[in-house]
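If you count the sequence shown from 1, position 52 lands on 44 in the numbering used here, and the numbers rise without skipping.
Simulated from the structure, these hints should not be mistaken for lab results.
These numbers were taken from a predicted model, which means no experiment stands behind them.
The calculated lysine-lysine pairs, modelled on DSS-like cross-linking and capped at a C-alpha distance of 30 Å, are:
#1 K127 <-> K139
#2 K127 <-> K97
#3 K139 <-> K97
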Amino acid sequence: MKKSERLLQLLTLLRARRSAITARALAERLGVSERTLYRDMQSLVLSGVPVEGEAGVGYRLRRGSFIPPLMFSEEELEALLLGVRMVQGWGDEDIGSAADSALHKIRSVLPDRVIQEQDLQRATLLVPDLHRREKARFGALIRQAVKAREMLWLDYEDEQGNRSQRHCNPLGLIYWGAAWTLLAWCRLRGDHRLFRLDRILGAELTGEQFQVEPHQSLAAYFRQYNPEFNDRAF
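Using the sequences and the hints given, assemble the complete structure.
Given below as structure tokens:
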């Protein structure tokens, strides 16, 4: 691997981390010696990359620093654009609009040749909208509640047509391929519950904050079905 390629990969590894990573771990990921890693890190620092290092802890990018945009391979770009189109087709209206905006920004900096290739791919790899508004009903409100850890009131109708009102702690949204569901800790049942968004008849923020107890978390739910489930999946 050329040094320029190694430096780009090193920068990519640092970007992906929120916490420090040791020189040994970085060297192993790059397939080089620690001595080479130290030289490469020095090259990044001399080029103006805001790297912070602490003995015994490791390296990380300075918090709040701005790094110029990354370069993507054609395969990586194809994956990104396909992901944007999936969000456009399968997300709620608000996040779909954000995906539209992101797509315009990406396309605005692409060469004409790449745009033509992506337009051809769009015509041959389809992502239908799957009745987005219906399947992602209340999606924006629920995402707001999840981020703020704010309890929700739901008016819900189950598969048998039984209607109930629930107060729940929203933990996350899951897309199963056919429907969006809210995974929440139901205060009525004292357990995890899945609520399909297209069966929610009403939803309101209660203004009440909640703390996620370990046994109520997303990870705790998935560990019921897979004891080896790793929190880092999130």
